[in-house]
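Enquirer: Chains as they are written, first to last, in the numbering used here: chain A, 1 to 210; chain B, 1 to 210.
These aren't lab readings, by the way, just hints derived from the structure by calculation.
Misleading hints may appear alongside valid ones.
Identical copies go unnamed one by one, so any copy, or any two together, can satisfy a pair.
[To be verified] The calculated lysine-lysine pairs, modelled on DSS-like cross-linking and capped at a C-alpha distance of 30 Å, are: (1) Lys198 x Lys136; (2) Lys136 x Lys102; (3) Lys198 x Lys51; (4) Lys51 x Lys136; (5) Lys102 x Lys198; (6) Lys71 x Lys102.
All of these numbers come straight from a predicted model, not from anything done at the bench.
The lines below spell out each chain.
2 protein chains.
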Amino acid sequence: MSVVDAGAIAAKVVDVLRHRAVPVGISNRHVHLSQDDFARLFPGQNLGVSKPLAQPGHFAASQTVSLRGPKGVINNVRILGPIRTYTQVEVSATQARELGIKPPVRMSGDLEGSAGIEIISEHGAITLEQGVIIAKRHIHMNTFDALLFGVEDCQSVNVLVGEAPRTVLFKDVVIRVDPQLVLEMHLDTDEANAAGLKGANDVGEIVFQE
Amino acid sequence: MSVVDAGAIAAKVVDVLRHRAVPVGISNRHVHLSQDDFARLFPGQNLGVSKPLAQPGHFAASQTVSLRGPKGVINNVRILGPIRTYTQVEVSATQARELGIKPPVRMSGDLEGSAGIEIISEHGAITLEQGVIIAKRHIHMNTFDALLFGVEDCQSVNVLVGEAPRTVLFKDVVIRVDPQLVLEMHLDTDEANAAGLKGANDVGEIVFQE
Numbered sequence: 001m002s003v004v005d006a007g008a009i010a011a012k013v014v015d016v017l018r019h020r021a022v023p024v025g026i027s028n029r030h031v032h033l034s035q036d037d038f039a040r041l042f043p044g045q046n047l048g049v050s051k052p053l054a055q056p057g058h059f060a061a062s063q064t065v066s067l068r069g070p071k072g073v074i075n076n077v078r079i080l081g082p083i084r085t086y087t088q089v090e091v092s093a094t095q096a097r098e099l100g101i102k103p104p105v106r107m108s109g110d111l112e113g114s115a116g117i118e119i120i121s122e123h124g125a126i127t128l129e130q131g132v133i134i135a136k137r138h139i140h141m142n143t144f145d146a147l148l149f150g151v152e153d154c155q156s157v158n159v160l161v162g163e164a165p166r167t168v169l170f171k172d173v174v175i176r177v178d179p180q181l182v183l184e185m186h187l188d189t190d191e192a193n194a195a196g197l198k199g200a201n202d203v204g205e206i207v208f209q210e
Numbered sequence: 001m002s003v004v005d006a007g008a009i010a011a012k013v014v015d016v017l018r019h020r021a022v023p024v025g026i027s028n029r030h031v032h033l034s035q036d037d038f039a040r041l042f043p044g045q046n047l048g049v050s051k052p053l054a055q056p057g058h059f060a061a062s063q064t065v066s067l068r069g070p071k072g073v074i075n076n077v078r079i080l081g082p083i084r085t086y087t088q089v090e091v092s093a094t095q096a097r098e099l100g101i102k103p104p105v106r107m108s109g110d111l112e113g114s115a116g117i118e119i120i121s122e123h124g125a126i127t128l129e130q131g132v133i134i135a136k137r138h139i140h141m142n143t144f145d146a147l148l149f150g151v152e153d154c155q156s157v158n159v160l161v162g163e164a165p166r167t168v169l170f171k172d173v174v175i176r177v178d179p180q181l182v183l184e185m186h187l188d189t190d191e192a193n194a195a196g197l198k199g200a201n202d203v204g205e206i207v208f209q210e
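Hey, can you work out the whole structure from these sequences and the hints?
Expert: Here you go:
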């Protein structure tokens, strides 16, 4: 009779899951809108769905806006749905320079003292005193993923991304645990370019100090 | 009488030098021109010096050109001097996308099969079949620096750059040893943005596996 060491098998399974690939989503500049701001920019309209995103219920909307800063304009900026309780604009450092603004590197929703911008549609315009950030890199995961990875909400981890000649170990990657979200690392276009990512089937690996 | 342990002091000095800060230079898109190509673009002119660069004898020239690709134009592109034996254009992945070209990530001078582009001045234009690259990140150092760091020409190292919340460990950083050059790491604008660099007094540290 063979003996099964259940503990050893479990340890191996956990080890494999702990080192599994984390899908990478590359965020180009985009806008989240509150219901009030959406209604000002698109009176009488509903937010249309153009393309579903990886996160359940999230989507690229059919409507787009322009961003106008002191030094430049970026057209064709996608609104991401659903509607939020607050309006937030996310750009890369490259795009911030084009616009002539200096947004801080922040997590979503942390907008106190962030940069301002004008958001323009074909029907109207709104001016934000604050609301523009460069997104702090992060990984969304659900509670079960967090248990398997052995990490907690708001913890920072190191993630190895890309292939030679542009492999990067991103430090300061914030874990965001949410039961509603699936495993996905978010990088902006500057970060994706620095790691030579292709924009399709990119993955990272959380590197634990072991 | 106190005893001086010269070996221990030397070891400490070497350790300090091995971990000293490496100045980071951020390269925006630029062009190196051969004498023939310069003469076609600026007939009868000499390459003027606008600003000396960190490397001895290198300079931003007073003349600029435009780059035209299938999808876009980038104006006001600086020529870097002195004149080279070959023409080479360096852009970031962000800028390559604007131009609509797909240059490979390469070291300077490794242009076989690289991307093409049109270079335009107020006096003329030339079309390169190849010559456009995204620069592979690298560190210039002289022979003495290489000895102190314990590295060799063409070796790849890991370099820690930036501060929270955007610290990055760049892997695949190529060492370039040249007796004429001073210690300087070169990153492009995408890489600098990914690491949250300010563009002034930025430094990195070579991380050795010890």
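Enquirer: Now tell me, hint by hint, if it's right for this structure.
Expert: Tested hints:
When the C-alpha separation of Lys198 and Lys136 is checked against a cutoff of 30 Å, the pair qualifies both within a copy, at 20 Å, and between copies, at 16 Å. Proximity of Lys136 to Lys102 under the C-alpha cut-off of 30 Å is found in both arrangements, the shortest distances being 14 Å within a copy and 28 Å between copies. In this homomeric assembly, Lys198 and Lys51 come within 30 Å of each other (Cα to Cα) only inside a single copy, at 20 Å, whereas the closest approach across copies is 36 Å. In the homo-oligomer, the alpha carbons of Lys51 and Lys136 lie at most 30 Å apart inside one protomer (24 Å), although the nearest pairing across protomers, at 35 Å, exceeds that limit.
Both within a single protomer and between protomers do Lys102 and Lys198 lie at most 30 Å apart by alpha-carbon distance, with minima of 27 Å and 11 Å respectively. Within a single copy, Lys71 and Lys102 get their C-alpha atoms as close as 11 Å, and across copies as close as 28 Å, so both meet the 30 Å cut-off.
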